[in-house]
Amino acid sequence: MAEVVFFIAAIGAIAGAAGTVALRNPFFSVLALVGHLLSLAALFLLLRAEFVAAAQVVVYAGAVMVLYVFVAAYVGGQDEALHSAPGPGLRITSAIFAGALLVELCIAILGTGLSALDGDGAGFFRAFGSPGEIGKLLLTDYLLAFEVASFLLLVAAVGAVILARRREGLEPAGTISVGDLFSRQDDVGVGGEPEGSMLEAEAGQGEVRR
Amino acid sequence: MSIQWYLLVSALVFCIGAGGILVRRSPLVILLCLELMLNAGNLALVAFSRAHGNQDGQIFAIIVMVVAACEVAVGLGLIVAIYRRNLPVDVDELRELQG
Amino acid sequence: MSLQTLGWLILAFPLAGATIIGLTFKALPDKIHGAIGTLAITLAFVCSVLALLKLTDRPQDAREVVAHGWDYASSVGVDAELSLLIDPLSLMMCLIVSGVSALIHLYSTGYMASDRGYARFFAYLNFFVFSMLLLVLAGNFLVLIVGWAFVGAASYLLISFWYRRTTATRAGIKAFVINVVGDVGLVLGTYFIFKHTRSLDFLTTFDRVDDVFTRNQADLVAGCVLLLVGAFAKSAQVPFHTWLPDAMEGPTPVSALIHAATMVTAGVYLIARMHPLYEQAPAAADVGSVIGCATLLIAATIGLVVTDLKRVIAYSTMSQIGYMIMGVSSAAYAAGMFHLATHAFFKALLFMAAGSVISAMANLQDLDRMGGFRKALPFTYGCFIVGGLALAGVFPFSGLFSKDEILSIEFDRGGWYVVLGVLGYLGAFLTAIYTFRMIFRAFHGDPVPEAQELIDGHLHHGDPVNPATGEPEDTEVGFPGPDHHIAERAPGMKGAMAVLAVGATGLGALQIPGVTDVVHSFLEPTFEDSSLYASLEPSAAASWIGLIAGTLIGLAGIALAYRLWVQQPAAPAGLQARFAALHRFFVNKWYFDELIDAVIVRPFAWFGRFARNTFERLIVDGAIVGGTSSVVRAGSAAVRAVQSGFLRAYAALLLLGLAGLVLYFLLSSS
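The listed protein sequences derive, respectively, from chains A, B and C.
For any residue, its number in my numbering is found by taking its place in the first sequence, counting from 1, and adding 2.
For any residue, its number in my numbering is found by taking its place in the second sequence, counting from 1, and adding 148.
For any residue, its number in my numbering is found by taking its place in the third sequence, counting from 1, and adding 16.
Hints were generated in silico from the structure; no laboratory data involved.
A couple of the hints might just be wrong.
Claimed, not checked - To give an idea of the interface, some chain B residues facing chain C are shown, with a C-beta separation under 7 Å as derived from the structure:
| # | residue |
| --- | --- |
| 1 | Ala166 |
| 2 | Ile169 |
| 3 | Asn234 |
| 4 | Leu235 |
| 5 | Val237 |
| 6 | Arg243 |
| 7 | Leu245 |
Just so it is clear, the structure is predicted and the values come from calculations on it, not from any experiment.
Even glycine gets a Cβ: it sits at the ideal position worked out from N, Cα and C.
Please model the entire structure based on the sequences and the hints provided.
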């Protein structure tokens, strides 16, 4: 029974991964990733990590993916341009690199050196992976990691807000360059230019900044 | 199921994610592929935790999830900022940090 | 006060004078600087006199005193130390140098009075005196070389004193370059001698010469000839003489001091000091004699035709030093040094008087434009006559005794030296002619406008223009200021010239043959190791015959000059027309300048241009410097290409690295 569930979840995970990479429309990629995450949650359950599975579904597939959906709706709604799709060279190179890595990992996993991987694993007690146990560990052995992680969340939230905020009192959006992200408010002096020459302007600013 | 199967799945997903980063041009999708790699790592962690009978791996996986969430927040904020300034949302075009 | 202390004091006073003047040149008024300079040299002279008294107190065989300062390098096998040698020869030179210098300083206080560079002048002059005293008091080759070089530097500073004049700076550089050639000869000569004697100290070297060298050994002859090169460059002997006439660009006191009395005599002093070496290498000594003789004749012929007042006197200096070099090379040491002393007096006197005339002419030095200054400048005329008679060698002036003693020793040596003696008398004849040519042309005849102005009571002032090139002078730099100073009106000048005139007249009494023998016996302790010194004693009778012959020849020359330039003023022009080619040859100074230019200057200049254009540009700048920098640039460009800005390229590299890492762990664990 467990094997069947495993294979279903595994195929779901791999299919979701493949879909994330291969689908042209970013929105569909997001959906594929959601599927992948849910399959992974099932795998976690099989590994008796209940809390992690629940967290995966609620936090990852729930909150983080919702973020992605929002941003995909705001930004990435268009299909990728075709005129400069990665040439065959890049595809082959990436296939080779990733394939090499895969081969190595498989050798590592399946090779006789890792004998500890054989078998079902150590024994476990009833509350293995339950929220109580996880919580106990988080508040005793891994308290520092817990606190640092929460601090990190705060920092990330504040940073994201600052990065993406709209700033008041500036010229219309078409005249600002990437450099403004890091400059003071009175530093901007570029006149209105179409998007094509934006790169020169930003390149110029970038040179100066360097 | 022996642990090897889970690790195989993890490796496969990891490599698919790595290949995806190299192939896709939209920063949004690249972040998604990055998520794939993180999740593959998570799976490996939980698998090993099960193998050793130790819950440390699961804690690690939770922390990884937290980090992934933070990184997603910041990365998406960047993408939104880029889009707001009418710059092309395309990693091949955004290459000012060059030598 | 011991003799050593006096030796150090003799050096200290001029050095202190130079330093004080140099440091306070803006703080104190000019007159004080002049006083400090003169006082410093006077004190040095006083110390020399005291040292003389102390030295004569000592017994004859203890008159070579070494004053040891400190060691420079005691472990390298080279005994380099700061030491002075105080013996009769060096003291005689000290007396001459400090005495004549003191008088010239006094003269300069009057002559340079309105010059803007007054303080600088006295500082340089004091520095020069210090260098010259260091040279003559040196106790080993090292200090000698140092003093030699300093003297050359001081000469350069003083020749190009009016540094905005292109002629002056060019002359200064020419003098310095030729002096440096001499310096190289001096150092190389020292090396050749040191190689065998293994000592730089004079007394030690002289002791070892006979043991270490055989007669006319190649290294010794080479060393002595190289020392001669140094002596000739410093003393303006052929072929290193071309700088001396050009050095007349400097102010007249400089010409009087450096290029008449002291610096140019350093070569004579050198040969006299190194006499043990030259007696062991007679081949080198003979080279010296021949060159000295050749120089005295060549210079005399050129002096007959040049029209620049100071240059006539310069060529006479060259000629007289030829006599001295010939003398000391032929072992007439005392005679050569005696002639050095008398020459210092009458030559400095002549230059000072010439300075007076040039001031009256508003810095024009052309004999063609001078005439009839007898009434306008009587004192100057008197000094010229005294100096001229001493130079021509007429009884009882000092020049006769010294010059003829050299010639009589030449005759006494016999063999081919007799030829030198005869040529010496020929040179004396020519000397008398050109000396009085100069005097008669400048002072006799009708007064030129400048002289007439002076007779009427005021000095002539011309436009400040360089007479040689016609370019306007920069009076800001202190080219002879608005006031010109003649001896009749400046007491300092008058006093100095008077003292020198007395000396030029009476100094001959020191060495009257058969009567007094002051110089010869005084110098004996220095030359006691010379076999020739004692043996070369012409009899009194022979000497007196020589004196009479010299006087007659001198008077004959004066008479000829009188006839040509006073009685028949048109005759010289006729002579010049008849011997036009010869005249042109002499006027062009025997074409030595052109020869040196063609043989040495042009090849060097070509080589310099080649080095700059080809070697420097292509190899150093191109291959070595450019090559290195372009290699570095190419390397960094190659490395920089990795930073392409493409995110995916970075990701690919990361992945590659990760794969490599995993591979490594895979391999290391299996």
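Comparing the hints with the structure gives:
{"no.": "1", "hint": "Ala166", "verdict": "5 Å, holds"}
{"no.": "2", "hint": "Ile169", "verdict": "5 Å, holds"}
{"no.": "3", "hint": "Asn234", "verdict": "20 Å, violated"}
{"no.": "4", "hint": "Leu235", "verdict": "14 Å, violated"}
{"no.": "5", "hint": "Val237", "verdict": "12 Å, violated"}
{"no.": "6", "hint": "Arg243", "verdict": "3 Å, holds"}
{"no.": "7", "hint": "Leu245", "verdict": "6 Å, holds"}
This entry does not satisfy hints 3, 4 and 5, going by the numbered hints stated previously.
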